[in-house]
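Engineer: Start from the sequences and build out the full structure, keeping to the hints where you can.
Residues in the sequence shown are numbered from 1 upward in steps of one, following the numbering used here.
Quick caveat, the hints were computed from the structure, so don't treat them as lab data. Relax, there's no trap hidden among the hints.
Derived pair list, reagent style DSSO-like, types lysine-lysine, alpha-carbon separation capped at 27 Å: (1) K199 x K268; (2) K165 x K217; (3) K278 x K167; (4) K235 x K217; (5) K217 x K156; (6) K241 x K212; (7) K54 x K74; (8) K268 x K74.
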Amino acid sequence: MFSRHLFLIIVSLLVLSACSTRNTPAPVVESRSTVSVQTQTPASIKSSSYTVRKGETLYSIAWRANSDVRTIAKLNRLLPPYRIFPGQKLKISGNSSKPSRNKSSANNSTKSSGTTTNKAPKKAIATTKKQEYGKAASGQKISKKPAATASNFSQKIRRWLWPAKGKVIATFSTAAQGNKGIDIAGKRGDRITAAADGKVVYAGSALRGYGKLIIVKHNDDYLSAYAHNDELLVKEQQSVKAGDVIAKMGDTDAQRVMLHFEVRFRGKSVNPMKYLPKR
1 MFSRHLFLII VSLLVLSACS TRNTPAPVVE SRSTVSVQTQ TPASIKSSSY
51 TVRKGETLYS IAWRANSDVR TIAKLNRLLP PYRIFPGQKL KISGNSSKPS
101 RNKSSANNST KSSGTTTNKA PKKAIATTKK QEYGKAASGQ KISKKPAATA
151 SNFSQKIRRW LWPAKGKVIA TFSTAAQGNK GIDIAGKRGD RITAAADGKV
201 VYAGSALRGY GKLIIVKHND DYLSAYAHND ELLVKEQQSV KAGDVIAKMG
251 DTDAQRVMLH FEVRFRGKSV NPMKYLPKR
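Structural biologist: What follows is the structure, encoded as structure tokens:
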């Protein structure tokens, strides 16, 4: 009898002990990532080469690499509209000179022809020497000043507009892991508008940390990006005007409903507040 009572007491103590341990709350595990652009960096490309994935464009890859799209295009000898395909391997950095095999093949073809081309250059030099006072042999004038190129100066944007009406809750930072744009608060479904005239060069969700993203090319120098959208209302290669509605505000890959807005100048992040009009 005594043994039975002792057994019941021991069981009761064990039950009370187990109940007391339940006062400690269980760990909470989030079902989805809500890391904002400010703190998430895996989307960047730091390697010298990259393999294209489905849904990407050269502009989105250049964006992740913090590089000018023209630089990557030159490295890979791509011409506008810079078409790429999944599985294609691209150079992100390095030497853009022609491969040595092209030079050697050119030399081999010259040797195999059995003829020399020494006389042709001499004729060209003789013709050049006859040119005087800025006139060619044909009588056409030769400009003494080199032609200006778009890469020598910054192309101007006619006007910039605010992409959303909300309050700025995070500003631009030059720190390595800082905010590369500004964050604008708002409500789900608020209108997101193009900050300037341009063409949509990316619309999708392949850039981790940006959610549903739109990138607009304004000219050869400037791009702007609109991240964390709930819905995209434009497609790639679509032309837009400043003020056109291009998306609805959301919280995809963000901690709250907001717009993350960036401006890039020749591939580098710049402070959007320097371009947007004062409120």
